[in-house]
Amino acid sequence: MRIEQLWDVLIVGGGASGTLLAAQLLRNASGPLRVALLERSGRVGPGLAYSTDSVSHLLNVPAGRMSAFPDDPEHFLRWMRRIEPGTSPGDFVQRRRYGQYLEAVLREAREKAVPGVGLELLEGEAASLSHEGDNVRLVLADGTQLLARTVALAVGNALPADLPVPDGGLYTSRRYIRSPWAEGALHRVQPHHSVLLIGTGLTMVDTVLSLAERNHEGRIHALSRHGLLPHVHRPGVVAGPPVSLSEPSRVRAVLRVLRREARRSTDEGADWRGVMDGLRPLTAPLWRGLPEPERRRFLRHLRAFWDVHRHRMAPGVHDILQQLQSAGVLRVHAARVRGFQVTDAGWVMARVRPRGVDREATLRVQHVINCTGPDACIGRAHPLLRGLMDSGLVQADALGLGLATDTEGALLDAEGRASNSLFALGPLRRGDLWESTAIPEIRVQALALSRRLLEQLASHSDVSETVLSPSPTFP
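Heads up, the sequence shown is in the working numbering, so the first residue is 1 and it goes up one at a time.
Hints in this document: simulated from the structure, not taken from any laboratory. Given the structure is predicted, the values throughout are model-derived calculations rather than measurements. Even glycine gets a Cβ: it sits at the ideal position worked out from N, Cα and C. Any given hint could turn out to be false.
[As the list claims (entries may be wrong)] Cβ pair distances, simulated, as ranges: (1) LEU255 to GLY416: 25 to 33 angstroms; (2) GLY90 to ASP134: 46 to 54 angstroms; (3) SER130 to GLY218: 16 to 24 angstroms; (4) ALA418 to ARG250: 26 to 34 angstroms; (5) ASP390 to ALA161: 17 to 25 angstroms; (6) ARG137 to SER249: 41 to 49 angstroms; (7) GLN100 to ARG264: 50 to 58 angstroms; (8) ARG264 to ALA182: 40 to 48 angstroms; (9) GLY227 to PRO291: 24 to 32 angstroms; (10) GLU103 to ARG417: 35 to 43 angstroms; (11) GLY227 to ARG296: 22 to 30 angstroms; (12) ARG256 to ALA418: 31 to 39 angstroms.
Using the sequences and the hints given, assemble the complete structure.
See below:
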């Protein structure tokens, strides 16, 4: 086993979260600093969310609100205008452009970093993590060992979970696609094939767009418990003033206020979307203020409604879905899946129970694609995270959605003590912050965590001085 040099900050995960943290560290460091960014795919920046090549996959947030930096809100807009001069703040640009933007952000941060501040990009799969004195040892799948003073976990979202129903051999067959984001996932779906998409949120929307780009003409069934599609953005809507909440400790009271404000906004000729967007800065403190039973009540009864109002789709995307529905290609069902069976002829028989109906129905399709989004149970996530929880170095949050952290992102161990060397940002903080998967939230986390890490490292006089062996050579 090779033991490499000692890093000041080792970031595990080179998607949007890890890239934004690395960029902030490079921009804000005033003295010697060694940062490593570990990404298993080898491509740093886009991550899974922004690596799509599809021209029909659009950002679901306007360009004017997608800056990588909280203190420079027009940064992305300026970058886009260098590529497409006519870009306006309200445009929903191609998502692949944002992946290119993240790569450019990191490249510029490296180029402009002060002398002694450096970043190395490492390729590999993190397998295990442990403490070694005051440092952290990270072992990769190939046996390489890395030492760092601090480690930030930015591993992103987990794969979707298989539905806990009898699958009749589906999950091990070629008729099942666990994640539409896997490389080549849709290649086996022929244009005439009938398809069942489990989930009706934004992942389903992107999958339908990908199929449409491939000239798909077979029937597409999209199914979820409520059968709700994401609402559509309206041009010109601006965030309203923060909502005043007098009883923030009860979900029912919050819902009552939101409904009242939405009605008031509509009566005044505005739009309920402005109310939802105005709530965004308050979401994390509001979520933290809810007792655990109230959070669970929200997840059980209101999550689907929150998602379709909060995570909306671009107007152009909405138009395509409407056309597909009008043509009879796309059918949306409100139902629960009761089980699957793969026939000898290769068909998938999906038993479903439509909402409000006591009898079951059967959908006969040739492929089932899981579009339910990331697995909501952190215990089934990345092996690295499972190992950390088993060792007691970290603990899941109370709802099991992510890892427990303090207000600045330090991970809590099994005893509830905040770590001085292990941190997290992005989707891993979803249980503590709820809204922790979109750029407007992640960029704030990246800035705050970079400041904390730099302040902490500055208190050690030997920062970046210790080298255990020559730097490794990575692709």
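Right, here's what the structure says about each hint:
no. : hint                                 : result
1   : LEU255 to GLY416: 25 to 33 angstroms : holds (31 angstroms)
2   : GLY90 to ASP134: 46 to 54 angstroms  : holds (49 angstroms)
3   : SER130 to GLY218: 16 to 24 angstroms : violated (50 angstroms)
4   : ALA418 to ARG250: 26 to 34 angstroms : holds (29 angstroms)
5   : ASP390 to ALA161: 17 to 25 angstroms : holds (20 angstroms)
6   : ARG137 to SER249: 41 to 49 angstroms : holds (42 angstroms)
7   : GLN100 to ARG264: 50 to 58 angstroms : violated (41 angstroms)
8   : ARG264 to ALA182: 40 to 48 angstroms : holds (45 angstroms)
9   : GLY227 to PRO291: 24 to 32 angstroms : holds (31 angstroms)
10  : GLU103 to ARG417: 35 to 43 angstroms : holds (37 angstroms)
11  : GLY227 to ARG296: 22 to 30 angstroms : holds (23 angstroms)
12  : ARG256 to ALA418: 31 to 39 angstroms : holds (35 angstroms)
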